[in-house]
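Protein chains in written order, with my numbering: chain A, 20 to 498; chain B, 381 to 744; chain C, -16 to 414.
This list has only true hints and no planted wrong ones.
Simulated DEER-style distance windows between Cβ atoms: (1) C:298 with A:287: 43 to 51 Å; (2) A:337 with B:650: 30 to 38 Å; (3) A:287 with B:443: 51 to 59 Å; (4) B:592 with A:348: 54 to 62 Å; (5) B:548 with C:285: 29 to 37 Å; (6) A:227 with B:518: 23 to 31 Å; (7) B:503 with A:217: 51 to 59 Å; (8) A:491 with B:650: 33 to 41 Å.
It should be emphasised that the hints constitute simulated quantities derived from the structure, not laboratory data. C-beta atoms are modelled at their ideal positions from N, C-alpha and C, and glycine is treated no differently.
If you want the building blocks of each chain, they are given just below.
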Amino acid sequence: MTLYKSLTKNLEVIKKRLTSQDVVFFEFKMGKKDALLIYIDPVTDKEVLGRLVVEPLSNYKGKTDADTICKRVFSPQATTSPDVDSVINDIELGASILIIDGETTAVKIDLLKYTTRAISEPPTSAVVKGPREGFTECFKTNLGLMRRRIKSESFVIKKITVGKYSKTDVAVLYLSDVADDTIVKKVVERISKIDIDGVCDSSYISKCIVEHKVSLVKQVGNTEKPDILMAKLLEGRVGIIVDGSPIAVTVPYLLVEDFQSSEDYFQNHYRANMQRVLRLISIILALSLPSIFVAAQLFHLQIIPINFLLTIVNSIKGIPLSPSFEMLFTLLIFEILNEASVRMPKYVGMALSVVGALVLGDTAVRAGIVSTPTIMIMALSGICLYVTPELVDTMSFLRLLYLVVAGAVGGYGLVLLTCFLLIYLVSLENFDVPILAPFAPMKKSDLKDTLLMANLSTTKLRPLSLKPKNKVRIKNDES
Amino acid sequence: MMSPNEKNKLKLRQICFIFLAFMPVTKIALLPSVLAGFCEERLFVATILGFLLDIGVLLCCMRLFYKHQNSTLFNVLETNFSKTFAKIVYFGYGVYFILKAIVPLLEQQDYVHNTLYEITPSKLVFIPLFIVSFYQSLKGLKVLGRSADACIYLTALGFLLIFFLSIPEADFTNLLPIIQKPTYKPVNALFKSIMWFSDSVYLLLFLGHFEGEKRQTLKLTLSYLGASVVVILFMITFYAVFSSIANSRFFATPELTIYTLVDSVRFDYVAIFLLMFSQVFAIILPIYLSTKCFERAFALKKSLVPAIIINAGLCIFSIIFSGKLFKVLGVISNYFGYVFIFFGYVVPLLLLLIPKRGKNEVKA
Amino acid sequence: MKSRLKNKIVIVIALILTIFYFTNDFALIDIEKTAIIVALGIDKVDSGIELTAQIGVPQASQQTFNNEDTLISAKGETVMEAVENISKRSGWFPKLSFCNVIILGKDLANDNVQIVCDHLLASEHFQSSALLAVCDGTARDFLSTPTPLDNISSFAIRKVIVENGAATSRVGDSNVKSFCQDMHGKKNCGYMPFITIISGEAKEEGQTGKEVNSGKNCADFSEKSGDNGLIAPLFENCDTFSRDRFLSSTEGQSGGESSPSAIFDATKTAVFKDGKIVDILSEDETVYLNLLNKKAQRLVLTTKIDDKSCALEVYKNKHNLSLDFGVKPTLNLDLKLTVRVADSTTESANNNFLGRRSKVPDEYLLSLENDATTVIKSLATRMLEKGVDLFGIKDRLYKYHYFKYEDYKNIPLDQYLINLNVQVLTLDSPK
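Based on the sequences and whatever the hints tell you, model everything.
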């Protein structure tokens, strides 16, 4: 539906559709003609609007067609809006619309001003060495952070609006001469096809674009830091930034990514290797320690050294729960404490740790409800789990599964469950990239930066598992 | 063998890893003591003979690969004979692979009960294996190849640990005299234990399902040779540790390392568990191939039905014959030895007689 | 539809797992109902054998190393039957995989240990690395003997054999595997440490054994003081008693000794042929048998000239056993010892000891050489005469002279000549 020539009629039509009270209809004289400026109050920079649009136009007496007006206002973001629907849509997206009496095309000026928080270090990816900037909830700020880091014509940002009501801006970022076209095409297609009420966070997008909707493990990578996103784009991945979310999504995702930290690349690679091995050991301990302990107690006493076994026998005397149920109970308490400590206000947090550590832990042992080794093992497992924070979701579920299998079937059950998970993981692919690459299928050159990493200068190729167009990332070898 | 699917192809490396990771682990539980029972310190001679035959079969398979331009065995048989004949051969191989799975299956059951569970657990403990096997049967060959990619590290680490911990206890003079008066003991031992060998026949069914590479025959032969060397070294170490009592040391892998770890933490169990992962896949492999053979023999679109029937059947079998490994072993070696020789060695040789056809004659 | 089926399958599996998890219905035996057997004593009785199991019992204190033990004994015709009796009548499931020491009674050693050892080897839940030893008395008494070395007597025995003895080549250690290997091999003989008890200077070994270790005393006492004791004897064929209480009974009998004083000695070696004990090697013979078989560590040999002693530390022992088939088959025993002075009561040696530490005076080298020659010669001659293949003649014949094996395998051992060559050298002081 095109705009009417009559300003009053246009005002009437638009007012009928935009009933919200934060929409401002500002009428003013433009030379001899009447003009109407429509904008949403909380998201528009009114001061700039007055200075760049109203002030220069109020004394203007020339041609009033939309194209001419676009050039007269002092804003590079002035474009035309041809019909009522697009006008309404633009207003909803936060643009200011100028309609002049007698004209059937409106002028759209983007003068958005959101209140956002400042750029700060993300709490989940704190580093000692390396950049500390993190993404914010502001879409433009996030894109700006990326642009500041990649100044290349190959750096492409594709914008897509998703959400029937939220109309959230989603940007797909990639390097056109590095990222695989098929992957880019698939990402864009899948995002465009999303038909959803609204997008509250980037995780909405990630859940919609993955191939396996129900999965034990996560299938997209995510980061809160622009330097990590940049590194991932340079490796040939595709990034997704969503308005209102400080977490960027990257695809394709490899499981090994979560064992890597940005800091690994900023410090001595021997130290980095040590830390990666520690992360691997931690995750194995977190996952298997409670289950192995339960299985050993129930089925395989022979794997416990005799002195430790006697200590266990000593400590479990009089405990009413079976080893498996005892561990499950301790895990339950641990998860409750964990959940409570995240949700509780900070000033109660301290009290909670006291209650958790002293009252529940020590007193439970004294009261003979749980044994000391069980508490120690669960505490160790809990701490180890947070060494790789990205894997907490997956691993805490798997830990429970392992525990149940260990209590039910013992060590052989654990072997079979691991085999089952291995088959599951090796068959899991997203965007045609296997999640367990470069181990299964093995890509020899990619192994240089996995659980162990080679010196950066010797890692000349990008990860081939990601099928990059341009495989070489370091050409000159000065070593 | 399987419905041709480009996406479901193995890499040559993965076949090498299947040999390296899955082949040696099936030969460390009962085979050393069985061979020691038949030919004492010359158990490694029997092993070498077995592997030489296997490598011969592997070379036959590669000859077929070149001759028929990487066609599947089914296509080769169909083109040269008839579809019905191909189906019959596939049915035969389906049965053969079930037979081939039985011994490692019962062996694994006893091995698990003996080494891991002091108090003999319920037969139900072993049932989850068939869930894993069934799950694998529904997945493609590619998944099996990738599993081999992952398991190769576990097998390597497991064997390294076992060798590292058992060699201090080994007295290699127990293998003397190397040169002895010729007897047929090793040959007899090989015949009686033939069901443990002929793993290279898997390659026959991988034909048409892997991408060719440069020096592929050499790579495959070397990988099989590598796996054989590991097994031979294991046999040697086993006899060097146990000598005169070797024939009674069934499932003695954890016992090999115990003498070095007296009074300390039994971290040799790490090796036992690491190898157990590969052992699970080694058992699954013939079951999987059997499923695919029946799928092709009965021209089924999906492997769901044969997978359910075979896994359920083997599950029931393992429950009924739990703890009767030696009886089953006796029956198989006495009555089915020739079946193993026929499908494991004779058929690949006979297949070499099939003449080479033109490119257009061979179905893609 | 497909995903619904999947969900149903997952739910069923989850349910089964949960049921198993909460019931653990695998005839599972709880850790608290498990008797962790740390040592076994096997004695011969009229009706078969008597098995004494030493069970590790942790103390209820926070001290993890302050473990105690309880002994349970049961009779049976076979080892397995006795184990079953322990389980049946005590209510504890015997866990054998922690059993590291097996003590065989002297009566059993005189009868036949082969059947027992074969059973232990064949048992799938038994560790074949468990140390074997034969004791001068009954195994039950030895296991119930208190010792200041450890709270658990078998731990003390183990220490004496492994950590103290075998490391210095003073004990002819053996485990189930190696003993059975020797017995089933071409040698058809084996050896294991012969344990005696030393209890203070005043008591002689034999007497000590009798005084300190009376099984009758144990059982009687536990019967009488059932109120105070931990576990009273349960049934006719199964006695249970605590070492603590036995300790009190000994105190009473021996006039108020305040602490246990029994110390185990394992320097003698019992030699077996066809499953029966045929000889007991002296301390010196054990040492030289070890020197001829394995590398010595921290071994000190003392030699005397005119009542002046010189302790020589064996730095290196080179040994070689071989066979020759000339006119008569010959066993060549070569031993080359490199020694240095460890301590001495003589002036000449002490001068060397202070000045050039390693240099040993020639007279002491010769003296040690003579000592060694005498001991080895007597040992070898005695063994060959008794037909005990302690030096593995038949094993060597098979391994290194295979083509002569058939001709010589039936020749009696006493037909072999012994060619002994002992050389003792001094280690020069470092430059």
